[in-house]
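Number of protein chains: 2
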Amino acid sequence: MNVEFINPFLTSLVNVLSMMAQTQLTAEKPRIKKDETALGDVSGLIGMVGPQTKGSLSITFEEGLALDIMEKMLGERPEGINEEVTDMVGEITNMVTGGAKNMLGEKGYEFDMATPIVVSGQGHTINHKGDGPKVIIPFNSDSGKAHIEVCFDK
Amino acid sequence: MNVEFINPFLTSLVNVLSMMAQTQLTAEKPRIKKDETALGDVSGLIGMVGPQTKGSLSITFEEGLALDIMEKMLGERPEGINEEVTDMVGEITNMVTGGAKNMLGEKGYEFDMATPIVVSGQGHTINHKGDGPKVIIPFNSDSGKAHIEVCFDK
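First to last, the sequence lines map onto chains A and B. Numbering-wise (numbering that gives the first Met the number 0), the first sequence opens with residue 0 and increments by one. Numbering-wise (numbering that gives the first Met the number 0), the second sequence opens with residue 0 and increments by one.
The following block holds chain A by itself, in its conformation from the complex:
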C-alpha cells in the first residue's frame, strides 16, 4: 500500500466535514481490508480513471452521523435517510475525491472522476472489485462511524 496515495483521501474527508458541518472525525490508521466487513446505512461511491491507474472510492456513514451532519449544515434534522441526505452524501463524495485529486495531482498522480452514486439501505456492504489491495480507513465521531474504502488497480 502506498500511503502517499491514501492519506489525501483521509485528510480530505476530515477537512470537508470540519469545514462544511463543524463535525470532527478522528481517523484510525488506514489498513488493508481482508475479511473485514464494514456495514453502513448510506454510502457515496465514485469511480476514478487516470492514465496510470483506475479505481473506486466509497465513503460509508452510519445513519446517526449522516443525520447529524445534515442537522449541522441545515439547522434541521431529517427523520431518516431521504433524498436530501443522499444528495449531501453525493456532494461530500465529490468534494472529498476532488480534494484528494488536487493533492495527488501536485504529486504527479492524475485521474478524472466519474459522477457519484449514493446507496442507501440499512447495513449494506460495499465490495470494491479492482485488482489492487482494498484500503479501509475507519473514522470515529461523537455521532457515529464513517469509513472510506479505496481500491486502485495496479
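Derived from the structure by calculation, the hints contain no laboratory data. Just so we're clear, the structure is a prediction, and the values are computed from it rather than from any experiment. Positions of the beta carbon are idealized from the N, C-alpha and C atoms, including for glycine. Each hint should be verified, as a subset may be incorrect.
[As the list claims (entries may be wrong)] Ranges between beta-carbon positions, derived for each pair:
| hint | chain 1 | residue 1 | chain 2 | residue 2 | range |
| --- | --- | --- | --- | --- | --- |
| 1 | A | Glu78 | B | Met102 | 42 to 52 Å |
| 2 | A | Met102 | B | Arg76 | 29 to 39 Å |
| 3 | B | Asp152 | A | Gly122 | 29 to 39 Å |
| 4 | A | Arg76 | B | Gly97 | 38 to 48 Å |
| 5 | B | Asn139 | A | Lys28 | 29 to 39 Å |
| 6 | A | Thr25 | B | Asp152 | 32 to 42 Å |
| 7 | A | Met18 | B | Gly79 | 17 to 27 Å |
[Said to hold, decoys possible] If we take Cβ atoms under 10 Å as the criterion, some of the chain B residues that face chain A in the derived model are:
| hint | residue |
| --- | --- |
| 8 | Ala26 |
| 9 | Pro29 |
| 10 | Ser42 |
| 11 | Phe151 |
[To be verified] No more than 25 Å apart at the CA atoms, straight line, and that leaves these computed lysine-lysine pairs for BS3-like:
| hint | chain 1 | residue 1 | chain 2 | residue 2 |
| --- | --- | --- | --- | --- |
| 12 | B | Lys153 | B | Lys106 |
| 13 | A | Lys153 | B | Lys144 |
| 14 | A | Lys100 | B | Lys153 |
| 15 | B | Lys144 | B | Lys32 |
| 16 | B | Lys153 | B | Lys28 |
| 17 | A | Lys28 | A | Lys144 |
Given chain A, work out where chain B should sit, using these hints.
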C-alpha cells in the same frame, strides 16, 4: 434521453446473461427515472469517464435471479449472496459496460471505465447523482427482476 446511448447497455446485459448463464432476460422500455425506487439485493456499479461526458451505471439483481445465474454458471447454487456472487456481479458489470463501450465507440462516443464496486444488502436503493437524466431499464426473467440505471452528465 438519447436512445442511441442507452440501447447498447440493454443489448449488452441481455447478451452477457444469455451467453454466460443461459438466462433469458426480457427488457421493458427504458424510461426516465423519477420518483421510482427500485429495490435490489445485490448491485454492480461502475463509473465512466470520457472526453465528451462522464457518468455512472448500476445493474441491480434480486437475490433469486443472482443465485440462479450462479447456479447456471457453476452448477451449484450458493445459499445466499456471498463473495463468489459479488465477484460474479462485478464481472457482469464489467462485461456489460465493456460491451456497451465497444458499441458506443463505433458510433464515436468514447469513454473509459473505472473499476466496479458491488453493493450487497437486502432492499437497498441506488441513487445516481450525475447532472443528466437517470434512465432506468427494467428486466424480467423466470427467476426474478434486474434493472440497469444509467446517468450521464450532459
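Original post:
Of the hints stated earlier, which fail here?
Top reply: Checked against the structure, the hints that fail are numbers 2, 5, 7, 8, 9, 13, while the rest are satisfied.
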